[in-house]
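Student: Please build the complete structure, drawing on both the sequences and the hints.
Sequence lines, in order, name chains A and B.
The opening position of the first sequence corresponds to residue 1 in the numbering used here, with each subsequent residue numbered one higher.
The opening position of the second sequence corresponds to residue 1 in the numbering used here, with each subsequent residue numbered one higher.
It is worth saying that the hints were derived from the structure and are not from the lab.
Possibly wrong hints are sitting among the right ones.
What the hints assert, rightly or not - With a cut-off of at most 30 Å between alpha-carbon atoms, the simulated BS3-like pairs for lysine-lysine come out as follows:
1. B/K131 with A/K170
2. B/K187 with B/K26
3. B/K26 with A/K170
4. B/K28 with B/K244
5. A/K170 with B/K72
6. B/K28 with A/K161
7. A/K161 with B/K131
8. B/K104 with B/K72
9. B/K104 with A/K170
10. B/K201 with B/K309
11. B/K252 with B/K173
12. A/K161 with B/K187
13. B/K173 with B/K131
14. B/K104 with A/K161
15. B/K309 with A/K161
16. B/K187 with B/K252
17. A/K170 with B/K187
18. A/K161 with B/K252
Said to hold, decoys possible - Just a sample of chain B residues kept apart from chain A, beta carbon distances all over 10 Å, derived:
19. F11
20. A25
21. L50
22. L121
23. R148
24. D153
25. P168
26. E172
27. R184
28. V215
29. S219
30. S226
31. P263
Ideal Cβ placement from N, Cα and C applies to all residues, glycine included.
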Amino acid sequence: METRVSNSLSVAQPHKKAPQWLWPLLWGALLMMSVFAMSAAEPLFRWIEPDARQVIYDRAGFVTLLGRHLFVVGIAAVVTIIVGVAAGIAVTRRWGSDFLPLVAQLASLGQTFPPVAVLALAVPVLGFGTLPIIVALMLYGLLPIVRNTLAGLQGVEGDIKTAAHAMGMKPAQILCQVELPLAAPVILAGIRTSVTINIATAALGATVGASNLGDPIISGIVNGNMAYVVQGALAIALLALTIDSLFEVLQRQLRARISDD
Amino acid sequence: MIELSHVSKRFGDETAVDDISLRVAKGKFCALVGTSGCGKSTTLRMINRLIEHSEGDIILDGQAIDAYDPVKLRRRIGYVIQHTGLFPHWNVARNIGLVPRLLKWSATDVQSRVAELMHLLGLPVDEFGHKYPHQLSGGQAQRVGVARALAADPDILLMDEPFGALDPITREKLQDELAKLQARLHKTVVFVTHDMDEALKLADHLVVMREGRIVQQGSPLALLQSPADPFVESLLGGLERGLKQAALTRVKDHMTSMGPTLPAQSRIPGTFSLRQALSMMLRDHSDRLTVVDQHDVPVGELSLRRIIKEAQLDNGNPRE
Chain A
1 METRVSNSLS
11 VAQPHKKAPQ
21 WLWPLLWGAL
31 LMMSVFAMSA
41 AEPLFRWIEP
51 DARQVIYDRA
61 GFVTLLGRHL
71 FVVGIAAVVT
81 IIVGVAAGIA
91 VTRRWGSDFL
101 PLVAQLASLG
111 QTFPPVAVLA
121 LAVPVLGFGT
131 LPIIVALMLY
141 GLLPIVRNTL
151 AGLQGVEGDI
161 KTAAHAMGMK
171 PAQILCQVEL
181 PLAAPVILAG
191 IRTSVTINIA
201 TAALGATVGA
211 SNLGDPIISG
221 IVNGNMAYVV
231 QGALAIALLA
241 LTIDSLFEVL
251 QRQLRARISD
261 D
Chain B
1 MIELSHVSKR
11 FGDETAVDDI
21 SLRVAKGKFC
31 ALVGTSGCGK
41 STTLRMINRL
51 IEHSEGDIIL
61 DGQAIDAYDP
71 VKLRRRIGYV
81 IQHTGLFPHW
91 NVARNIGLVP
101 RLLKWSATDV
111 QSRVAELMHL
121 LGLPVDEFGH
131 KYPHQLSGGQ
141 AQRVGVARAL
151 AADPDILLMD
161 EPFGALDPIT
171 REKLQDELAK
181 LQARLHKTVV
191 FVTHDMDEAL
201 KLADHLVVMR
211 EGRIVQQGSP
221 LALLQSPADP
231 FVESLLGGLE
241 RGLKQAALTR
251 VKDHMTSMGP
261 TLPAQSRIPG
271 TFSLRQALSM
281 MLRDHSDRLT
291 VVDQHDVPVG
301 ELSLRRIIKE
311 AQLDNGNPRE
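Tutor: Below is the structure:
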């Protein structure tokens, strides 16, 4: 009886896992195809721009552009996650609760500020290149993370926190063993929103000299070459879909850890 | 032993608990009863320093609680709340083992203690150990809550309306189990409830609170016999008070030896209450019952006149 149950489980699991990884693998494969073999689609792009001298963007390899794009988004994500989650934690502690309204407002201010405006303001201070776009992405991506960290931590039931306290857990133990694990799905959803938005927003970096997957788009607009625009947009869209579907898998696993037995 | 002397708690201008003094002897069950907002939960939470008291002394085993490190203090006091407060992301076994793990017990010790407690509370480890709180019924979840509170074998157990959210049948069952558990474990218990029947059933010492003050305290029988004021009397059930008193008195203590007449048809075990005896008399249209021991052997008899006379005697000369 016992063995039969565990057998059926072990048979069932690979079946359950397969569709879970299907989308990230599919989008990932399409992304790889697009960056490694963009030139294979030359006839298609020739059909879009029959008169252009060149239809495949070649000022930099798509692999290089993808790498730079990921670098910019990655740096911004790491910093925003650390800053955003830390701020969310700090203002939900008793000693930091005075700053709760301030932090919530600052974070939403970051969102209302258009990234282009941030770039315009950042360039005179930070110069052209990668730095201003990282700053813009950090400001822009902070809100979803702070907001969801707050919602997640505030969503932990009072009874659970009281019980943890009454059992003799220390504040740090309550935070790490109870509050953060329970808030994790909500926080992760915030990180997912932030990163996916920033993958698209990072393309703006091309306007201030940060070379990434936005380059073909800007260059295509400037030179009136629609094929370039499509190539950049295609790669960015596939990157966003890949990362987003990876988050989907991560979220589902996190949820399963809490509700499955 | 827990001793509160002239303890008050103020939140700003509001006085939640006003100059209360009470003493719970080791191994005794003390119930704090009162309507909502009377300060009973606040009183409970001051004992494990979830709320710091403003004035007076709270003494635990001869030492003021301010002298203890709050975290260490809480680890030696069991705590049970109404909605259990179980951690939803931990399975039952892990929830129960929380305090022993905080106290750095070895993994095998924690495991065997969890198994012992689950057995004690009627939750088979194989069936429930790996379940998560949301997979449990209300009664099962509260059993886990009690097991978690008992895990590190604390001397003191604080319970804040633990059965308040359960349906009446489950509630009664858990009350019976708690009474049995207490008879075995002899913890010093402080139990908050607004349900007077629950308090009468479980407590050795009853404390009635209103608006932050203690109105009356004493043994359940003493309160039933002479409530201090109309408030206590209404809390004790007004006209029903006689029956409640009868519910606390055992048949065995009031039976007379077998008379020369034929024994009555209806039989009642000696461990039953006078209230149950009265009910049986009404049901069977009889004013006499034969009292039997646990082997169903007649040991005495109980008459309606006897019950009424006892009640008179009790009220005339309180025994405590």
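Student: A separate judgement is required for each hint: does it hold in the structure or not?
Tutor: Hint by hint, here is what the structure shows:
1. B/K131 with A/K170: Within the cut-off at roughly 26 Å; holds.
2. B/K187 with B/K26: holds, 7 Å
3. B/K26 with A/K170: holds, 28 Å
4. B/K28 with B/K244: Holds, because 21 Å separates the two Cα atoms, which is no more than 30 Å.
5. A/K170 with B/K72: Roughly 10 Å between the alpha carbons, so the hint for A/K170 and B/K72 holds.
6. B/K28 with A/K161: Distance of about 29 Å is within 30 Å: holds.
7. A/K161 with B/K131: holds, 21 Å
8. B/K104 with B/K72: It holds: about 12 Å lies between the C-alpha atoms, which stays within 30 Å.
9. B/K104 with A/K170: holds, 14 Å
10. B/K201 with B/K309: Given that 30 Å is the threshold and the Cα spacing comes to 23 Å, the pair holds.
11. B/K252 with B/K173: holds, 23 Å
12. A/K161 with B/K187: Status holds; Cα separation ~25 Å.
13. B/K173 with B/K131: Roughly 22 Å between the alpha carbons, so the hint for B/K173 and B/K131 holds.
14. B/K104 with A/K161: Cα-Cα ~21 Å, so holds.
15. B/K309 with A/K161: Cα-Cα ~53 Å, so violated.
16. B/K187 with B/K252: Given that 30 Å is the threshold and the Cα spacing comes to 27 Å, the pair holds.
17. A/K170 with B/K187: holds, 25 Å
18. A/K161 with B/K252: It is violated: about 47 Å lies between the C-alpha atoms, which goes past 30 Å.
19. F11: holds, 16 Å
20. A25: Holds: least Cβ distance 23 Å, greater than 10 Å.
21. L50: violated, 6 Å
22. L121: Fine: 17 Å to the nearest Cβ keeps B/L121 off the interface.
23. R148: violated, 7 Å
24. D153: holds, 14 Å
25. P168: At about 22 Å from chain A, B/P168 clears the 10 Å cut-off, so the statement holds.
26. E172: Non-interface label on B/E172 holds, nearest chain A Cβ at 23 Å vs cutoff 10 Å.
27. R184: holds, 23 Å
28. V215: holds, 27 Å
29. S219: Consistent with the label, B/S219 stays out of reach of chain A, its closest Cβ about 29 Å off (over 10 Å).
30. S226: holds, 36 Å
31. P263: holds, 54 Å
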